[in-house]
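Throw the hints in and build the complete structure from the sequences for me.
Protein chains in written order, with the numbering used here: chain A, 1 to 393; chain B, 1 to 393.
Because the hints were derived from the structure by calculation, they are not lab data. All figures in this text were calculated on a predicted structure; none of them were measured in a lab. It cannot be assumed that every hint is accurate.
[As the list claims (entries may be wrong)] Cross-link-like lysine-lysine pairs, in silico, DSBU-like; alpha carbons within 30 Å at most: (1) B:K81 / A:K19; (2) A:K343 / A:K29; (3) B:K62 / A:K67; (4) A:K62 / B:K54; (5) A:K67 / B:K19; (6) A:K19 / A:K6.
2 protein chains.
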Amino acid sequence: MTIAQKIKLSIAQSSMIRKMFEEGALMKKKYGADKVYDFSLGNPNVEPPDKFKKELINIAAKNISMKHGYTPNAGLAETRKAIADKVNKTYGLKLRADHVIVSCGAAGALNVIFKSLLDPKDEVIVPLPYFVEYPFYIDNYGGVVKFVQTQADFSLDIRAIDESINKRTKVILINSPNNPTGKVYSKKNIMELAALLRKKSQEFNKNIYLVSDEPYNEIVYDNIEVPSVLKAYENSIVAYSYSKTLSLPGERVGYIAVNPKISEVNDLISGLILCTRILGFVNAPVLMQRIIVKLQDAAVDVKIYQRKRDLLCEGLTKAGYKFAKPQGAFYLFVKSPIPDDVKFVKMLLKKNILVVPGSGFGGPGYFRIAYCVDDATIINSMKGFEETINDTR
Amino acid sequence: MTIAQKIKLSIAQSSMIRKMFEEGALMKKKYGADKVYDFSLGNPNVEPPDKFKKELINIAAKNISMKHGYTPNAGLAETRKAIADKVNKTYGLKLRADHVIVSCGAAGALNVIFKSLLDPKDEVIVPLPYFVEYPFYIDNYGGVVKFVQTQADFSLDIRAIDESINKRTKVILINSPNNPTGKVYSKKNIMELAALLRKKSQEFNKNIYLVSDEPYNEIVYDNIEVPSVLKAYENSIVAYSYSKTLSLPGERVGYIAVNPKISEVNDLISGLILCTRILGFVNAPVLMQRIIVKLQDAAVDVKIYQRKRDLLCEGLTKAGYKFAKPQGAFYLFVKSPIPDDVKFVKMLLKKNILVVPGSGFGGPGYFRIAYCVDDATIINSMKGFEETINDTR
Chain A
1 MTIAQKIKLS IAQSSMIRKM FEEGALMKKK YGADKVYDFS LGNPNVEPPD
51 KFKKELINIA AKNISMKHGY TPNAGLAETR KAIADKVNKT YGLKLRADHV
101 IVSCGAAGAL NVIFKSLLDP KDEVIVPLPY FVEYPFYIDN YGGVVKFVQT
151 QADFSLDIRA IDESINKRTK VILINSPNNP TGKVYSKKNI MELAALLRKK
201 SQEFNKNIYL VSDEPYNEIV YDNIEVPSVL KAYENSIVAY SYSKTLSLPG
251 ERVGYIAVNP KISEVNDLIS GLILCTRILG FVNAPVLMQR IIVKLQDAAV
301 DVKIYQRKRD LLCEGLTKAG YKFAKPQGAF YLFVKSPIPD DVKFVKMLLK
351 KNILVVPGSG FGGPGYFRIA YCVDDATIIN SMKGFEETIN DTR
Chain B
1 MTIAQKIKLS IAQSSMIRKM FEEGALMKKK YGADKVYDFS LGNPNVEPPD
51 KFKKELINIA AKNISMKHGY TPNAGLAETR KAIADKVNKT YGLKLRADHV
101 IVSCGAAGAL NVIFKSLLDP KDEVIVPLPY FVEYPFYIDN YGGVVKFVQT
151 QADFSLDIRA IDESINKRTK VILINSPNNP TGKVYSKKNI MELAALLRKK
201 SQEFNKNIYL VSDEPYNEIV YDNIEVPSVL KAYENSIVAY SYSKTLSLPG
251 ERVGYIAVNP KISEVNDLIS GLILCTRILG FVNAPVLMQR IIVKLQDAAV
301 DVKIYQRKRD LLCEGLTKAG YKFAKPQGAF YLFVKSPIPD DVKFVKMLLK
351 KNILVVPGSG FGGPGYFRIA YCVDDATIIN SMKGFEETIN DTR
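Right, dumping it as structure tokens:
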């Protein structure tokens, strides 16, 4: 046995998203990129805001002395302060700079959070369908995933969550706006969850944490509001990423914001800092740390994604597909016209359309469309979507 | 209990280096930065090569379209190829681009390697003294550290390593040029190690891997040669960082290079790619990936460090300190004039000199000086070093 047994197993069961992505690369070579409709990956195609480029040029030109040295593991003081100020301004909260840890994106943030919180066999509740990487992030630190069903519109099923909490429950992990559904949990839904977690924390005499993965926080449509979990529930931690709001997923920068009301909050902060160090992140890339100080009010133009969503929803509705219209993020979770989603995805593949089976997200009977693509890809794919659904009739 | 028990314990025993660093920050506030001689941290003070700045400005200006998107988890094809080409050119090897994974520095690389290789209870041999983070990196994935003594000049003690290998041994982790000693293992020493590992791999009918942590690879003095482990031993893996060679430790970029001769090498590569993904690194920061393509032949001016080493060695020798003259990196591991190194470090602290006790590296009776500091810091600290050793007489 060369490599770790668990890793060998994981490779064999490797992510369906990546498989589609690789399949897509092969198809593009064969048919030409404009003849393949690749909706498989959430790699945003919208440009970063102009201000980002301006700041990058600015910092590159000024880059004279020691600008690339290690920062404290938690990030630069000015970056932590700028983030805390923005969170406070947006939600009327009172975080100090030291309630913020600058992270290597939301993926880095979640790994640091779970490493800090989880003792072996601690349980983490994850609503279905879920972002494919969550089970890995939890298992990395000996945690055990407990999936719970959501309601028909993908909002949280508070009763199902209630029933799945026990004395080993340490965290509930939510993601809103959601990947893969585009759902944004309502304020009412979040308040009900907070009330339940408060009750259960008391019942089991421990903190049950609400960890909220929010890389799509500002990517919302129709003026919908994303309620603040930090405001709703005292034992809450936010994992945020600039990957989508500023369209820089490859640069690996985001943050962890912890609720100042968490009991023993200083222990938690020390733990997060230690884990940033010992997991080998060390610090978030320093050039990006400097840039995002200046970009707290910048964001990509969400109207572009909204237009894509509308194009896609209209076309698919006309063709006869069923789905809950997404309120945020850039994903559409569509009901497969036949029960076997993997089979349907293979049918779409014959029309050069790449989407990911819902089964890969714990949502069999659906497929996911990532619509962070050119308008032309959406428009030109419609014929294939129509023909495929007609073939099932 | 709020956070994970193991993390709570680790915080309590937190790194001595960081403690000295924090102590230093307080002292600098109190006495003024020029009155504190801070040798505690390996944060290079030499500027990145001019070419780095030029390329950064260049890329910032050209930064037009999709330059910040996710890359493949293993890194950009062009970056992997540039690195493979450089390694091949330097050592006369035949790595392909896919034997290279671009990583978030050497710290990220080592975490990815250990996650890929270690099953629970697998043993990793670590020569003493060692870089303080190694035990964390190994424990993160359920590995067990086995320390082995080195010889008086800090070269590898092959007999000690021989005696410590058993059927649970999976990896021996070396670091040359070494932190904290500055030792560079000779070609003979490495060849002896390779022969031993080859014999033991056969004896136990398994691969015993040589993992070589090489962030200081090019920081060597007096034209000394750093032998290639990839050339010396078939089951070898290199973790490299641009942090020191290009003076960009905060930007988090490095690589993993695997020996093409490893049996089941494709499994290992798949494992490394998967672990880059699931540990939340996702990909090395893309802007840096693009820049280092162009900087394969650039390096900081090592003469600057050599001058600092010589200044320091002359001064300390004159004062009566004993040490093995470092051949590389920017650390000096000095024999404590009294057996209790922690006590001696506290004596130096009274002269506003910050160094780290050897105990923190598993080398009691020594202390570490990181001499990547201004020449003035070295020169002005000498009085304090002299007075302190005289106080012990």
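Results for each hint:
no., hint, result
1, B:K81 / A:K19, "holds, 23 Å"
2, A:K343 / A:K29, "holds, 24 Å"
3, B:K62 / A:K67, "holds, 21 Å"
4, A:K62 / B:K54, "holds, 12 Å"
5, A:K67 / B:K19, "holds, 23 Å"
6, A:K19 / A:K6, "holds, 19 Å"
The earlier numbered hints are all upheld by this structure, with none contradicted.
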